[in-house]
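Taking the hints into account, I'd like the entire structure generated from these sequences.
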Amino acid sequence: MQYLKNPQLPTILPDWRGNPHDGRSFQYLREPFYPSYSKLLKWQFSPNPQRAEKKADGWAPEQAGDFSYLEDKQQDCIAWLGHATFLVQLNGVRLITDPIFNGLPFLKRRVGLPFPLEQLRDIDYLLLSHDHRDHCDKRSIQDLLKHNQPRKILAPLKLSDVIAPWVGNTPIEEAAWYQTYHTENIEITFLPTRHWCRRGLFDFNRVLWGSFLIRSGDKQIYFGADSGMGPHFEEIGQLFPGIQYAMIGIGAYKPDYMMQEIHTSPREAMDAFQQLGAEMLIPMHYGTYDLSDEPASEPYREIQRHFHEAGWPERLRLPAVGEAVEV
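Numbering-wise, this note's numbering puts 235 at position 234 of the sequence shown, and it's gapless, one number per residue.
Keep in mind the hints are simulated off the structure, nothing from the lab. Incorrect hints may appear among the rest.
[What the hints assert, rightly or not] Cross-link-like lysine-lysine pairs, in silico, DSBU-like; alpha carbons within 30 Å at most:
| id | residue 1 | residue 2 |
| --- | --- | --- |
| 1 | 43 | 55 |
| 2 | 153 | 74 |
| 3 | 147 | 159 |
| 4 | 43 | 109 |
| 5 | 40 | 109 |
| 6 | 109 | 139 |
| 7 | 220 | 6 |
| 8 | 109 | 159 |
| 9 | 220 | 153 |
| 10 | 109 | 55 |
| 11 | 159 | 40 |
| 12 | 6 | 153 |
| 13 | 139 | 6 |
| 14 | 74 | 220 |
| 15 | 40 | 56 |
| 16 | 147 | 74 |
| 17 | 139 | 40 |
| 18 | 139 | 74 |
| 19 | 139 | 153 |
| 20 | 56 | 43 |
| 21 | 109 | 147 |
| 22 | 159 | 6 |
| 23 | 139 | 159 |
| 24 | 56 | 109 |
| 25 | 55 | 40 |
Structure representation (structure tokens):
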């Protein structure tokens with residue numbers, strides 16, 4: 002077993018050797034799990050108990066109408082652009098997470114960008130959390146690069162094997178967990194999630210996966226990417242106390258036997274938010290694509306119900322697509 006990290010990047014844990022790698026794929030630190038074809042077949046051939054409800058649910062997220070922040074890079078804000086894509090502006094730096102703006106094979110996009118993609122300009126950093134196609138999309142990345150010259154793409158270890166042929170001369174900087182990238186006017190650290198990677202049949206966990214902590218001064222933003230529940234949420238909260246905004250997924254959680262290891266349900270997202278010790282939750286990973294068995298509006302309704310029952314409705318933000326949340 003070898004332990005991999007980027008020797009050119011600082012590590013926030015002094016005893017961290019790197020992510021374990023067996024020479025072929027990255028290994029789990031605890032409680033290993035592997036996507037099962039038998040579970041996939043069970044899912045595909047089992048009836049969905051919410052089939053009729055799902056078919057009747059035509060809900061989709063609303064679109065915003067004010068995009069003035071696109072003309073003011075000095076405005077500190079977070080704008081949800083659908084699924085796990087966010088435009089983040091902090092300390093004069095503009096970055097975008099896991100960009101995807103189009104449909105995918107056999108996956109129609111249910112709500113589009115409310116402005117032309119060409120208006121997304123002057124992006125400094127492109128953050129990619131893992132290699133799954135709904136988070137690492139060749140067409141969307143190349144469309145962004147037509148109108149932007151980012152300083153670099155910030156990625157997990159080994160993702161350059163996938164994206165280097167797509168991005169021309171755009172620099173790619175890779176990190177292991179607990180490593181901080183070289184950036185200007187902002188600090189970005191790559192952190193654990195409970196997930197996996199695969200784009201084909203024979204490349205399981207060839208690429209690392211993870212989340213990002215974005216910090217400038219006393220402002221801290223956590224982008225949780227894709228993750229199931231695990232002790233990493235509490236650990237990240239301890240490493241970075243005082244997170245203001247946490248973006249955590251609330252969709253693609255049914256059936257449990259297929260999704261629970263890799264995604265959070267609305268209830269689990271609230272638990273993860275508590276464990277992080279964050280002040281505000283901005284949900285993501287819902288309403289944009291049909292990835293699982295729950296009806297489209299269920300995550301949106303359930304996260305509101307859970308926060309209302311907890312007495313925290315003011316700690317939940319559900320922006321429209323393209324709406325800026327002030328940081």
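Here is how each hint holds up against the structure:
| no. | hint | in the structure |
| --- | --- | --- |
| 1 | 43 to 55 | holds (19 Å) |
| 2 | 153 to 74 | holds (18 Å) |
| 3 | 147 to 159 | holds (24 Å) |
| 4 | 43 to 109 | holds (23 Å) |
| 5 | 40 to 109 | holds (24 Å) |
| 6 | 109 to 139 | holds (16 Å) |
| 7 | 220 to 6 | holds (27 Å) |
| 8 | 109 to 159 | holds (29 Å) |
| 9 | 220 to 153 | holds (22 Å) |
| 10 | 109 to 55 | holds (16 Å) |
| 11 | 159 to 40 | holds (28 Å) |
| 12 | 6 to 153 | holds (18 Å) |
| 13 | 139 to 6 | holds (25 Å) |
| 14 | 74 to 220 | holds (16 Å) |
| 15 | 40 to 56 | holds (23 Å) |
| 16 | 147 to 74 | holds (19 Å) |
| 17 | 139 to 40 | holds (28 Å) |
| 18 | 139 to 74 | holds (26 Å) |
| 19 | 139 to 153 | holds (16 Å) |
| 20 | 56 to 43 | holds (21 Å) |
| 21 | 109 to 147 | holds (24 Å) |
| 22 | 159 to 6 | holds (10 Å) |
| 23 | 139 to 159 | holds (16 Å) |
| 24 | 56 to 109 | holds (15 Å) |
| 25 | 55 to 40 | holds (21 Å) |
When the structure is compared with the earlier hints, no violation turns up for any of them.
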